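**Q** Using the hints, put the two chains back together into the complex; each one sits in its own frame.
The primary structure of each chain is shown beneath.
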Amino acid sequence: MIKSLKARNHELSSVNQQLEWLAGPPFSTGDLPSFKQKLSDIGIPQLIPSTLDILQMNIGYMCNQTCRHCHVDAGPDRKEMMTRETMRQCLDFAVNNNIQTLDITGGAPEMNPDFYWLIEQASEAGISEIIVRSNLTILRSNKKYFDTPLFFKKHGLRIVSSLPFYKADKTDKQRGKGVFNHSIEALKALNEVGYGKEDHLKLDLVFNPSGAFLPAEQISLEKEFKKELKETYDISFHQLLSITNLPVSRFLEFLIDSENFDEYMDTLVESFNPSTLLGLMCKNTLSVRWDGMLYDCDFNQMLDMKIQGKNQQISTISIQELTSRHIKTHQHCYGCTAGAGSSCQGVII
Amino acid sequence: MNQSTYYDPADLKKFGKISEFEPKLAEKFFDWYNEVFKEGALTAREKALIALAVSHAIQCPYCIDAYTKGSMSHGVSNEEMMEAVHVSAAIRGGASLVHGVQMMNKAKKLSM
Chain X
1 MIKSLKARNH
11 ELSSVNQQLE
21 WLAGPPFSTG
31 DLPSFKQKLS
41 DIGIPQLIPS
51 TLDILQMNIG
61 YMCNQTCRHC
71 HVDAGPDRKE
81 MMTRETMRQC
91 LDFAVNNNIQ
101 TLDITGGAPE
111 MNPDFYWLIE
121 QASEAGISEI
131 IVRSNLTILR
141 SNKKYFDTPL
151 FFKKHGLRIV
161 SSLPFYKADK
171 TDKQRGKGVF
181 NHSIEALKAL
191 NEVGYGKEDH
201 LKLDLVFNPS
211 GAFLPAEQIS
221 LEKEFKKELK
231 ETYDISFHQL
241 LSITNLPVSR
251 FLEFLIDSEN
261 FDEYMDTLVE
271 SFNPSTLLGL
281 MCKNTLSVRW
291 DGMLYDCDFN
301 QMLDMKIQGK
311 NQQISTISIQ
321 ELTSRHIKTH
331 QHCYGCTAGA
341 GSSCQGVII
Chain C
1 MNQSTYYDPA
11 DLKKFGKISE
21 FEPKLAEKFF
31 DWYNEVFKEG
41 ALTAREKALI
51 ALAVSHAIQC
61 PYCIDAYTKG
71 SMSHGVSNEE
81 MMEAVHVSAA
91 IRGGASLVHG
101 VQMMNKAKKL
111 SM
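For the protein sequence lines, the chains are X and C, in the order given.
The first sequence maps to residues 1 to 349 in our numbering.
The second sequence maps to residues 1 to 112 in our numbering.
For the record, the hints were derived by calculation from the structure and aren't laboratory data.
Model, not experiment: these values are computed from the prediction.
We put the beta carbon where it would ideally sit given N, CA and C, even for glycine.
Among these hints, one or two may not hold up.
If you anchor each label on the Cβ, the simulated ranges turn out as follows [what the hints assert, rightly or not]:
| # | chain 1 | residue 1 | chain 2 | residue 2 | range |
| --- | --- | --- | --- | --- | --- |
| 1 | X | Asn-97 | C | Leu-12 | 45 to 51 Å |
| 2 | C | Glu-79 | X | Thr-316 | 54 to 60 Å |
| 3 | C | Pro-61 | X | Ile-256 | 23 to 29 Å |
Here chain C stands alone, though its shape is the one from the complex (with noise of 0.2 Å):
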């Protein structure tokens, strides 16, 4: 095996191999995932938006390339795109920030 990185975009399309090791709990995860990204409550359009912001915010290169493909497909556009990846990236920011208010808290306690 020659593998010179970490990820490589040929390993997205082996994604339902994980099977090969145990199939039945693979087989629960493809059936769950595939009935999630159905038209529901929400359409498979915002859906794949969401899937989007998310897959920035867990920095996920496999899932950045196939929910921007999935997000085009359905004719998102560029900015809803760019968009959703800055509320991904403001909530992680947000998230981080927040925890200022514990530091300070701490701060105040711990000052005389």
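Extracted from the complex, chain X is given alone in its bound form (with noise of 0.2 Å):
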């Protein structure tokens, strides 16, 4: 299993090495527009926020993976956790906000020690949608997690897990070795309590292309994953969500070891689709870390790009502060305007 770039010390390690990877070459000697370019050459000077649906919290970088394209450096070094106090403080501000969505993320949410406590509390708070965000592997790694899924199913969750292929190679390379195989193993533990198969215990799976390049048309791919998963596993499953890789991160270190940076950056600015910028996830989502620290998405986050304005904190923040600020960006935000557009919950248009 590879190391976060953390535990490798790794100069990646360093926010702002990431950012002046985004902010250098083809960018800074002009063969590409910046992204803020792009967008004030198409007349808009800055994205700003519509109504807030989601609140995405990350509960914690831990995670039994080390996945080589994961753009939060997850894994099981990481020990930045998010603590009762902070997660009351997210359900405060949900309820108080009349927010309809939670998405719980990680690392693996489910090593947070009070990730139980918190899916416990948000279902009484009568949060109408509780996404959470399972690698699948950890619900076999050990029999502590093997109720899971009937714990999923008292609450009635939504859950996302990403599987990026239906077949052993192409996953264990991108996840780590065995990561397949024990990810069907969960996807028939989740499918035998009714996950993926009754309309309300809805299973998605999330598509990452394994290398650089960008994913095809999330239909297709759908279509193709049903009826292998199917076929040869008889696993079933709601939706497939496609989502692109972004330049942040561990991705971003394999961009650059391949020395595929400049060419897929340039895929990704070729294929900007200004119709996807209204359906971009910061616009409706706010992304929360372990700390309680506000971003506009989970990719800022990664980049510790915090929202615009003084006060960037969960416990204090008030949601006409949220509206009335602009949407921090850079270059990976390519990565959502690309093609069909990409978000945490699929494709865009």
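**A** Shown next, in the form of structure tokens:
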């Protein structure tokens, strides 16, 4: 298993180094326009938020996997964890501002010892949709997680899980040896309790390309995934969400090491699609870090680009401050505007 | 213009600019091209793989770059891509060899 950038003391574990890459050539040389320039060329000086629908809580960077494309640089060595106090602040904010959806992510959110408490509290508070981004393998990694699918079911959670491919080779190459087989076991366990089969027990899979290229059309990939997983493993799921890899953290490391950075950025810029702008996730989602700091999205969180304004904490922020802010952007934003667009909910258009 | 090779990878993304000299025909071509690759009786994945095989048969470096990437974005494996290249090569090789029959016919006719 590879180690996190942080554990390797890699230069890209410094946010400033990552930002330098994003600001450097081919953008600094003028070969490609910056994201801000691109927006300004089509008459959009700033991105502004719309209604806040989703509070995305990153409850910790600890993970049992260290996937090669991970933008969080998550791994077993990461100790950052959200406390109950911060979770409570998030829930209070969500309830007070009538937020419809909580999107709980990590790392592996299940590894936060207060994960189960958070779900019970959120459920009790009447949040209408609770999404958990589960990496699947965690559900089979230790006996203590074996009953988690039943816990998910009890609270009617929507489960969103990464499965880069329906065959072992591509999945294991991206996510680590043995990940595919454990993921299949976990999917079977979820299917057994009704996930992916019953309408109210939503099980969605996430597809990330396993390299420096954009995903194909979501609908055609979904058809392939459904056919192959059903025929070979008798596994069902609802939707496939195809997500473009953004040049952040370990995927950025891969792009640089494989000398694909320039060409990948060129592909993203060439595929810029203005009609994705209205549906960008930063417009209706707010991302909270484990310590309560606020970001326009999970990618900005990993680049430590905090929301605009003096007040950047979930414990004190008001909805008025949030709706009057501008969204912070950088060259990685091209990843969300390429082709059919990309968000944590899959394609945009 | 400083061009040291006949093929420049950067020219691939300029493909659309062929409309500069003749816009009407280019528009018709690109509309048709985009329609061809849409999901139909064949899946978009199958079409990408066919395009990759044909790219090798016609030995177009731009097409090989484009449809290797295109196939990979559909999750096509390395083995599948190489098998497609062999299919292409087999047809090309076979196309030469089948003319051997013509050669034999002619040779037999000419021989006493």
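**Q** Using the C-beta atoms of Glu-79 (chain C) and Thr-316 (chain X), is the stated range 54 to 60 Å upheld?
**A** Holds - the Cβ-Cβ distance for Glu-79 (chain C) and Thr-316 (chain X), about 56 Å, lies within 54 to 60 Å.
**Q** Does 23 to 29 Å hold as the CB distance between Pro-61 (chain C) and Ile-256 (chain X), or does it fail?
**A** Distance hint for Pro-61 (chain C), Ile-256 (chain X) holds at roughly 25 Å.
**Q** Can the suggested window of 45 to 51 Å be confirmed for the beta-carbon pair Asn-97 (chain X) and Leu-12 (chain C)?
**A** Roughly 48 Å apart at Cβ, these two residues keep to the hinted range, so it holds.
Of the numbered hints listed earlier, not one is contradicted by the structure.
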